[in-house]
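Novice: The chain contents come next:
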Amino acid sequence: MTQARLLALFVTALGPAAAALLAWLPEQMSAPRLLLLALVTAFAVVFGETFRPGQQPLREKSGLRLRIWVQSLGGGVMLLSLAFAAAAPRPALLGRQSLAAYVVLLAFLLVPDLGAARLPALASALALAVLAAFRGGTPALLAVTSYALGLTAFLVLDHFSARLALRPAAVPGLRATAFREVARLMATVGWTLALSLLVFRPRPHMWLGQATIDALDRGRAAPAYLQLAFFAALGAVVVHYVSRLLRITRDAKTPVTEELQAERRTEEAIVERPSRERPAYTGARGAVVRAYVRFLAEASGRELSRRPDQTPHEIAQKLQGAGAPLQELTALFSRARYGQPEPNALEAQQAESLSSRLVGWLQARRESAKDATSRHSRGSPSIRTT
Amino acid sequence: MDPSGPLYRLFLWAAVLLLAVLGAATGAGALLALGASLLALLVVSFARSRRALLGLRVSRRVHTNAFEDDAVAVELQLENRSRRPAALVDLDDSFGPSVADRQLVLEPGPLLPGRRLRLLYRSFCSRGWGEYRVGPLGLRVSDPAGLFSARRLFHQLDTLTVFPRVHPIGALERLGARASLQSQELVASRAGQSLSYLGVRDYRSGDEVRRIHWPATARRGELSVKEHETDLLPYFTLFLDLDKRSRAGTGRKSTLEFVVRTAVSLVWQACARGDVVQLIAEADKPVYVPPGSGELHATQALYELVRVRQDGKRSLLDVFEQHRPLLLAGSTAALLFGSLAIEPLELEAAIEALHARGVSALVFLVNDSSFVPIDRWQLKPQALAQRCSALLGVLRARRVPGAILGAEADLAAQLARRELLEGA
Chain S
1 MTQARLLALF VTALGPAAAA LLAWLPEQMS APRLLLLALV TAFAVVFGET FRPGQQPLRE
61 KSGLRLRIWV QSLGGGVMLL SLAFAAAAPR PALLGRQSLA AYVVLLAFLL VPDLGAARLP
121 ALASALALAV LAAFRGGTPA LLAVTSYALG LTAFLVLDHF SARLALRPAA VPGLRATAFR
181 EVARLMATVG WTLALSLLVF RPRPHMWLGQ ATIDALDRGR AAPAYLQLAF FAALGAVVVH
241 YVSRLLRITR DAKTPVTEEL QAERRTEEAI VERPSRERPA YTGARGAVVR AYVRFLAEAS
301 GRELSRRPDQ TPHEIAQKLQ GAGAPLQELT ALFSRARYGQ PEPNALEAQQ AESLSSRLVG
361 WLQARRESAK DATSRHSRGS PSIRTT
Chain C
1 MDPSGPLYRL FLWAAVLLLA VLGAATGAGA LLALGASLLA LLVVSFARSR RALLGLRVSR
61 RVHTNAFEDD AVAVELQLEN RSRRPAALVD LDDSFGPSVA DRQLVLEPGP LLPGRRLRLL
121 YRSFCSRGWG EYRVGPLGLR VSDPAGLFSA RRLFHQLDTL TVFPRVHPIG ALERLGARAS
181 LQSQELVASR AGQSLSYLGV RDYRSGDEVR RIHWPATARR GELSVKEHET DLLPYFTLFL
241 DLDKRSRAGT GRKSTLEFVV RTAVSLVWQA CARGDVVQLI AEADKPVYVP PGSGELHATQ
301 ALYELVRVRQ DGKRSLLDVF EQHRPLLLAG STAALLFGSL AIEPLELEAA IEALHARGVS
361 ALVFLVNDSS FVPIDRWQLK PQALAQRCSA LLGVLRARRV PGAILGAEAD LAAQLARREL
421 LEGA
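Top line first, the protein sequences correspond to chains S and C. Residues in the first sequence are numbered from 1 upward in steps of one, following the numbering used here. Residues in the second sequence are numbered from 1 upward in steps of one, following the numbering used here.
To be clear, the hints were calculated from the coordinates, so they are not data collected in a lab. The reader is advised that the hints may include incorrect statements.
Said to hold, decoys possible - From chain S, some residues computed to sit far from chain C (all C-beta separations above 12 Å):
no.: 1; residue: Ala107
no.: 2; residue: Arg118
no.: 3; residue: Ala324
Claimed, not checked - The following label-pair restraints were derived from C-beta to C-beta distances:
no.: 4; chain 1: C; residue 1: Leu54; chain 2: S; residue 2: Arg96; range: 48 to 56 Å
no.: 5; chain 1: C; residue 1: Arg61; chain 2: S; residue 2: Tyr338; range: 57 to 65 Å
no.: 6; chain 1: S; residue 1: His313; chain 2: C; residue 2: Arg151; range: 52 to 60 Å
no.: 7; chain 1: C; residue 1: Lys313; chain 2: S; residue 2: Thr373; range: 50 to 58 Å
The model shown is predicted, which means the values in this text are computed figures rather than measured ones. We treat Cβ as the ideally placed atom computed from N, Cα and C, and that holds for glycine.
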């Protein structure tokens with residue numbers, strides 16, 4: 001996984017760099033020089049990764065100031081390059097800026113701990129991709145494609161590598177997952193890029209070759225460059241102090257955490273509890289059961305507060321006021337529900353008729369209770385105060 | 001969690017913005033296309049991080065109690081009820097007795113759909129005794145690129161009671177005991193009903209015929225009977241002083257701390273020996289653990305002890321007088337005073353009363369004047385020395401094992417002395 005990650009970083013860095021140099025310094029970029037470029041980039045990537053333990057002092061607090069200065073200056077150079085390139089797209093200038101951006105990229109590849117994670121290198125590669133994209137055509141296609149796909153692969157593999165750094169035993173089990181995720185994300189990004197390129201054609205910079213501030217004579221341009229350099233240094237100072245301020249506020253709230261290695265115990269299948277399905281009753285048996293259930297539904301809540309453990313005969317005993325019809329219906333229901341022989345149509349009809357009679361009895365009982373209540377309330381006038 | 005994920009995410013958002021501005025300003029379509037693809041990467045990653053959380057559940061199983069400095073095993077059950085395998089799942093828990101705020105556990109996976117995985121992490125009870133909360137549980141997953149992470153909180157809260165560490169107490173070997181009808185490990189070499197054989201003696205009127213030892217009878221020519229030893233049932237009662245006038249000191253150096261630690265050591269050690277133990281105290285309400293034996297009973301007593309507070313209004317001697325009828329002859333009673341504010345004569349009377357009932361006494365007094373005073377003045381050094389010598393004199397005169405425990409020395413060392421009287 002580490003090798004794949006480095007390969008992805010190599011592609012992310014080399015594609016835009018080669019495209020930018022090919023775009024703006026085509027005369028100087030012969031095949032051997034391109035090969036040299038690839039070798040130098042590969043060396044920088046491998047060197048930076050191999051000798052990372054030796055850069056430990058840079059990661060410590062003592063190296064913080066140096067890191068911030070280098071990042072601020074690198075970021076300033078990149079932003080100025082892009083600003084100049086966007087505002088004054090003269091090929092000679094763009095060529096020099098591409099070379100400068102590549103040097104910065106190499107520095108961050110060789111000493112990755114000068115920045116946070118691999119961010120400075122990725123930002124430098126992005127600047128090179130932008131410079132190449134200003135040319136349009138094939139260099140632009142090469143730069144954006146290699147950058148987008150390489151960056152996607154690198155982010156996924158870097159994430160997996162960082163998370164599994166302390167768990168090397170888990171790497172073989174997750175290798176397939178990591179590469180599957182790389183493929184899926186690259187497909188998404190690749191398709192989006194292709195569709196976007198169909199909509200936004202890779203045209204060159206619209207001001208390429210036009211008269212811009214680049215037309216200024218050398219005597220007037222030099223002070224402008226000096227001023228820009230001064231502003232870049234000023235920006236680095238501002239970044240330095242702002243980052244220190246942010247660090248102070250962040251340190252105050254850090255909770256104490258403890259990273260533990262968990263022991264893997266048993267892994268088992270989740271056995272779902274089987275869902276309780278009511279048996280489907282059909283025919284005469286179903287008619288008898290439904291007739292009884294209809295009566296129970298009517299009686300539940302008022303006349304009958306059912307418990308789950310109550311049997312039909314206990315319910316019949318509780319509703320003794322219902323008399324013989326409920327006894328008959330209970331007997332019919334018990335035979336239909338729990339007995340083997342299928343009830344006949346006559347019994348089904350009898351159950352339905354008994355159920356109707358019992359429902360009628362329940363309703364009549366409620367009506368009479370309501371009347372009694374209303375008579376009682378009429379007989380005892382209440383005093384209302386308003 | 002990967003710390004570089006948020007940095008990369010911020011970078012990608014900035015890159016999308018920059019590419020959109022530059023692309024729109026310069027007409028370089030490739031920049032817009034690159035910006036769109038990076039935006040797609042962000043959107044897809046965000047959606048994947050949210051989707052990865054669906055169907056994942058975690059629960060915890062933890063024992064309800066432990067002793068100080070114990071390593072406690074906490075079992076987490078991670079379930080994947082989704083249709084996708086889960087990888088790189090971060091579980092976080094809050095184990096109250098530990099010094100750390102959160103315990104982080106990474107489960108690399110992959111955990112296949114419909115599977116449950118049991119994980120075990122161990123953490124130490126680094127804080128002092130008391131009741132602590134364990135939880136809530138958190139579950140965090142991120143997208144494959146680590147740009148976004150989603151966390152779900154499971155409000156499963158458990159309570160873990162941490163008991164004080166048990167210190168060995170030398171004087172407990174002098175425990176009294178009463179005869180039992182059940183066979184016990186502890187026996188006395190006097191005639192009784194034990195299964196252990198003591199010897200043979202002459203037959204006396206009233207002896208059971210079935211106890212006649214026929215071979216000895218035949219050998220000696222006169223009736224002889226077998227004698228057995230007596231099974232002893234050690235019976236231990238602890239009276240605990242929770243009078244609020246005994247309060248002194250703070251934290252680990254306080255009278256409450258000394259009283260509870262000593263009480264826990266006494267109860268646990270007595271139960272470990274197989275004694276029947278009861279606990280009697282009175283804080284703002286009575287604390288009573290009925291007689292019982294075994295580890296479960298000891299645990300129940302320890303639960304009561306770690307919840308006690310020094311907010312009682314009655315002195316220990318009043319409580320003792322009230323519950324004295326509960327003491328059985330031949331048993332042991334330990335009086336654990338939280339202060340030296342006790343008159344030697346009253347202590348002597350209490351010991352006399354115990355001896356009159358045939359109860360062995362054990363007395364511990366916590367020197368409250370050796371702790372930082374809270375709501376009353378300490379005794380002056382001279383008065384303190386006089387009080388200590390008077391109280392120890394009472395104990396020596398009655399040959400009662402006991403000690404005065406002070407803040408200036410280590411409690412474990414003070415309790416471990418075999419001859420507490422001489423040490424005190």
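Novice: It remains to establish, for every hint, whether it holds in the given structure.
Specialist: Results of checking the hints against the structure:
1. Ala107: 18 Å, holds
2. Arg118: 8 Å, violated
3. Ala324: Answer for S:Ala324: holds, closest chain C Cβ roughly 53 Å.
4. C:Leu54 to S:Arg96: 48 to 56 Å: At 52 Å between Cβs, range holds.
5. C:Arg61 to S:Tyr338: 57 to 65 Å: 42 Å, violated
6. S:His313 to C:Arg151: 52 to 60 Å: 56 Å, holds
7. C:Lys313 to S:Thr373: 50 to 58 Å: The hinted range 50 to 58 Å holds for C:Lys313 and S:Thr373, with Cβ atoms some 57 Å apart.
When the structure is compared with the earlier hints, violations turn up for hints 2, 5 and for no others.
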